[in-house]
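Novice: Top to bottom, those sequences are chains W and P. Take the first sequence: its position 44, counted from the start at 1, is 67 in the working numbering, and no numbers get skipped. Take the second sequence: its position 21, counted from the start at 1, is 210 in the working numbering, and no numbers get skipped.
It is possible that part of the hints are untrue.
If you want a taste of the chain W side facing chain P, the calculated C-beta under 10 Å gives, among others [stated by the list, open to error]: (1) 55; (2) 85; (3) 94; (4) 106; (5) 109; (6) 112; (7) 115; (8) 138; (9) 140; (10) 205; (11) 206.
Just so you know, the hints here were simulated from the structure itself, not pulled from any lab data. Glycine included, C-beta positions come from ideal geometry on N, C-alpha and C.
Residue-level listing of the chains:
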Amino acid sequence: MINVALPKGRLGEKVYAMFEKAGYECPSIKEVNRKLVFENEEKRIRYFWVKPSDVSIYVERGAADIGVAGKDILLEYRPDVYELLDLNIGKCCMAVAAPKDFYDNGVRTLKVATKFSNIARTYYNGLGREIDIIHLNGSIELAPILGLSDVIVDIVETGATLRENNLEVFETIVPISARLIANKTGFQFKTKEIEAVARKLGEMIQP
Amino acid sequence: MNENIFKQDEKALFPLRRLYRSYGYLPFKMNKFEEYDFYLQNKEFLVSDRVITFNDTDGKLLALKPDVTLSIVKNSKDIPGFKQKVYYDENVYRVSGSTHRFREILQTGVECIGDIDLYDLFEAISLAAQSLRVISERYVLQISHLGILSSLLKQASNNDTFILKASKCIAEKNTHDLQKLCLEYEISDEETCNLCSFVGIYGDRKSVLTRLEPLCKTSEAKEALDVLKALSELLDKTSYSSSIFFDFSIVNDMSYYNGIVFKGFLEGICQGVLSGGQYDNLLRRMNRRSGAVGFALYLDLLEDLPAESDPFDVDVVLLYDETVSVSDLAERASLLTADGKSVSAQKVVPEKLRYRSLIDLRKES
């Protein structure tokens with residue numbers, strides 16, 4: 024039996040559709056109820072929905088053998104897992120954004136508001152720029168508007184929220200997409216099953 | 190004796206000691222503390238540079254040891270033809286990756302330091318596999334050779350940042366980001382293809398060796414391949430051969446390790462429980478001529494092994510009060526324990542105590 028952690032939400036639904044198309048369907052997952060775990064005994068697969076940012080924890084700790092997590096989560100939390108596939112869905116980018124009239128003269132410490140402290144720290148360390156990280160859990164775009172920060176580091180999909188708040192992308196840090204990850208121990212004992220899932224999903228990836 | 194009274198790590202310790210002694214490894218006992226200066230000089234070889242420090246009575250700064258190998262290496266000697274073979278079971282004090290707090294970690298392991306050869310590499314791998322087998326029948330030992338990895342990476346580029354990032358991708362079995370990285374660093378199509386196919390080479394030893402052959406073009410890689418072939422042939426003759434595989438995603442620190450590296454997994458434990466390899470590089474950095482190979486087994490992780498839990502805390506609760514004579518109570522308890530039962534003498538039954546039977550001595554008196 025392979026345990027799969029799926030991210031709740033739109034991305035998770037897209038991911039499940041890929042698993043279904045690959046022959047790992049589990050009809051009970053589409054029933055409207057409060058169940059958390061869905062199993063197809065015949066296909067030897069068990070799914071569970073978890074918060075997207077928790078997928079890597081479930082996989083790293085072995086509660087799930089495989090899972091689908093955004094590259095943003097993998098870069099931020101750096102779980103010790105195998106990253107088997109880029110599913111090429113859920114595409115967006117991690118970017119530095121700021122008010123349109125912002126100019127960084129490089130003299131004073133840059134105040135950076137973000138949910139992704141590790142990604143921001145690594146990026147600015149690479150530039151040798153001194154920063155003050157303000158860790159926020161939501162509504163990051165508000166920070167530069169109210170003067171809490173100079174810039175933000177956040178995920179940008181269409182850029183609509185930024186535009187509506189008079190912000191714009193200054194730098195793209197890294198492109199993001201959904202990745203198939205696997206627990207390292209689980210992979211040793213279920214190698215063939217996990218390889219089969221990865222191969223079948225791989226065949227469906229759109230360029 | 191009832192096996193259930195032993196925790197998983199305690200259960201493993203005695204057969205492991207017996208195993209290491211049977212191959213002539215002698216116990217190595219060390220101090221709980223080392224001078225902090227020693228770790229400061231060798232901090233690049235520590236898993237984490239954070240150590241617990243304190244001042245001795247003479248003001249000298251000491252540290253609770255975060256690592257065992259460094260202390261063993263420090264106390265070993267370079268004598269041509271001589272090999273020091275030791276085993277240990279010691280607590281180390283490190284910051285845990287998940288909690289970011291210091292933890293006491295019980296680890297056991299072996300180190301063979303000196304004029305090491307192919308037999309010593311085989312012996313270390315053999316002991317690693319047998320150590321895993323002592324604990325569980327469901328185990329896997331993965332072996333890699335850093336000579337092949339470093340040769341392939343150096344063939345592709347001399348850029349240190351590329352080598353670091355590519356090693357990370359290889360450790361993650363991540364071909365998609367490795368391809369992008371090769372594109373970014375303008376690596377030739379042929380080298381990109383070599384590196385990406387290298388990620389996919391793992392599993393059964395024979396098939397790995399066949400697939401690896403065309404990738405090993407430099408003398409360094411060919412030499413490493415010969416070592417893997419020789420080890421595989423030796424392992425073919427062992428009873429644990431089918432649990433040992435080749436997997437080049439084991440990318441241990443190349444400033445510490447140089448030749449073979451290996452990692453052991455037990456079903457039910459989410460991370461590797463055993464880690465080791467050949468670490469001549471560490472000795473070179475300490476201006477030593479010897480070579481070395483060894484491994485550590487993280488006994489604290491064995492807690493996660495599935496175990497049968499006893500549904501009862503105690504077999505018999507003996508209830509007594511002042512009407513019961515102490516000598517009667519003592520005699521009854523003694524009789525029951527002699528019969529192999531565990532006994533808890535109580536005046537009232539503890540609220541959450543799970544017991545098989547209750548003997549109320551108050552009624553009998």
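Novice: Would you settle whether the hint for residue 205 of chain W is holds or violated, based on the nearest Cβ-Cβ distance to chain P being less than 10 Å?
Specialist: holds (8 Å)
Novice: Per the CB criterion, is residue 55 of chain W less than 10 Å away from chain P?
Specialist: violated (33 Å)
Novice: Report holds or violated for the interface hint on residue 112 of chain W, using the least CB-CB distance to chain P and a cut-off of 10 Å.
Specialist: violated (13 Å)
Novice: If you take the shortest Cβ to Cβ gap from residue 115 of chain W to chain P, is it below 10 Å?
Specialist: violated (16 Å)
Novice: Should the interface hint for residue 106 of chain W be scored as holding, given a Cβ-Cβ cut-off of 10 Å against chain P?
Specialist: holds (4 Å)
Novice: Tell me if residue 140 of chain W is really an interface residue toward chain P, meaning its C-beta lies closer than 10 Å to one of theirs.
Specialist: Violated, about 13 Å.
Novice: Would the stated hint for residue 85 of chain W survive a check requiring a Cβ distance to chain P of less than 10 Å?
Specialist: OK, holds: residue 85 of chain W within 10 Å of chain P, min 3 Å.
Novice: Return the status of the interface hint for residue 206 of chain W: holds when the least beta-carbon distance to chain P is below 10 Å, violated otherwise.
Specialist: holds (6 Å)
Novice: Quick check on the hint: residue 94 of chain W CB to chain P CB, less than 10 Å?
Specialist: With Cβ-Cβ at 9 Å, under 10 Å, it holds.
Novice: Was the hint right that residue 109 of chain W lines chain P, CB cutoff 10 Å?
Specialist: holds (4 Å)
Novice: For the hint on residue 138 of chain W, just tell me whether its beta-carbon gets within less than 10 Å of chain P.
Specialist: violated (19 Å)
The structure fails to meet hints 1, 6, 7, 8, 9 from the earlier list, while all remaining hints are met.
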